[in-house]
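Colleague: Here this note's numbering runs 1 ahead of the position in the sequence shown, where the first position is 1.
Any given hint could be a false lead.
To be verified - Okay, the calculated beta carbon distance ranges per label pair: (1) 21 to 46: 28 to 38 Å; (2) 26 to 52: 18 to 28 Å; (3) 110 to 50: 18 to 28 Å; (4) 47 to 19: 15 to 25 Å; (5) 18 to 75: 14 to 24 Å.
Stated by the list, open to error - Here are the simulated lysine-lysine pairs, DSSO-like style, with alpha carbons at most 27 Å apart: (6) 77 to 51; (7) 17 to 97; (8) 33 to 62; (9) 97 to 33.
I should point out that these hints are in silico values taken from the structure, not numbers from a laboratory. Just so it is clear, the structure is predicted and the values come from calculations on it, not from any experiment. The beta-carbon is built from N, C-alpha and C at its ideal position, and this holds for glycine as well.
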Amino acid sequence: MSYIDGFVIAVPTANKEKFIDHARKGDPVFIKYGALRVLECWGDDVPSGKLTDFRRAVQAKDDETVVFSWVEWPDKATRDAGMAKMMEDPDMSPEKNPMPFDGARMIYGGFAPVVELKK
């Protein structure tokens with residue numbers, strides 16, 4: 002079964018196009034090192050919760066939009082090898098592709114699917 006890396010970030014809403022440009026430059030590197038697909042999703046219906054929510058998780062400000070992204074890998078071994086190569090890839094350097102958001106507030110993790118349903 003596949004392996005998923007998930008990310009949630011707060012992007013200044015005014016930086017939407019900068020974020021899309023950043024993703025278009027960086028996401029092909031995931032594919033280069035074995036990812037099957039990458040999805041970048043701009044928050045459209047992200048409600049505030051009573052106890053917790055996506056906005057609180059990344060300390061989003063009023064002028065920021067929550068972005069939910071994930072990378073699908075064929076398996077964890079491919080992900081581990083690919084991520085190691087990405088850390089060394091000059092195309093991923095902040096000088097070449099600066100982040101248009103505060104990376105310190107990004108939450109991320111790797112996930113092993115336990116249920117998969119397809120049409």
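Colleague: Are the hints correct? Go through all of them and say.
Modeller: Verification of the hints:
no. : hint                  : verdict
1   : 21 to 46: 28 to 38 Å  : 19 Å, violated
2   : 26 to 52: 18 to 28 Å  : 37 Å, violated
3   : 110 to 50: 18 to 28 Å : 19 Å, holds
4   : 47 to 19: 15 to 25 Å  : 20 Å, holds
5   : 18 to 75: 14 to 24 Å  : 32 Å, violated
6   : 77 to 51              : 35 Å, violated
7   : 17 to 97              : 18 Å, holds
8   : 33 to 62              : 34 Å, violated
9   : 97 to 33              : 17 Å, holds
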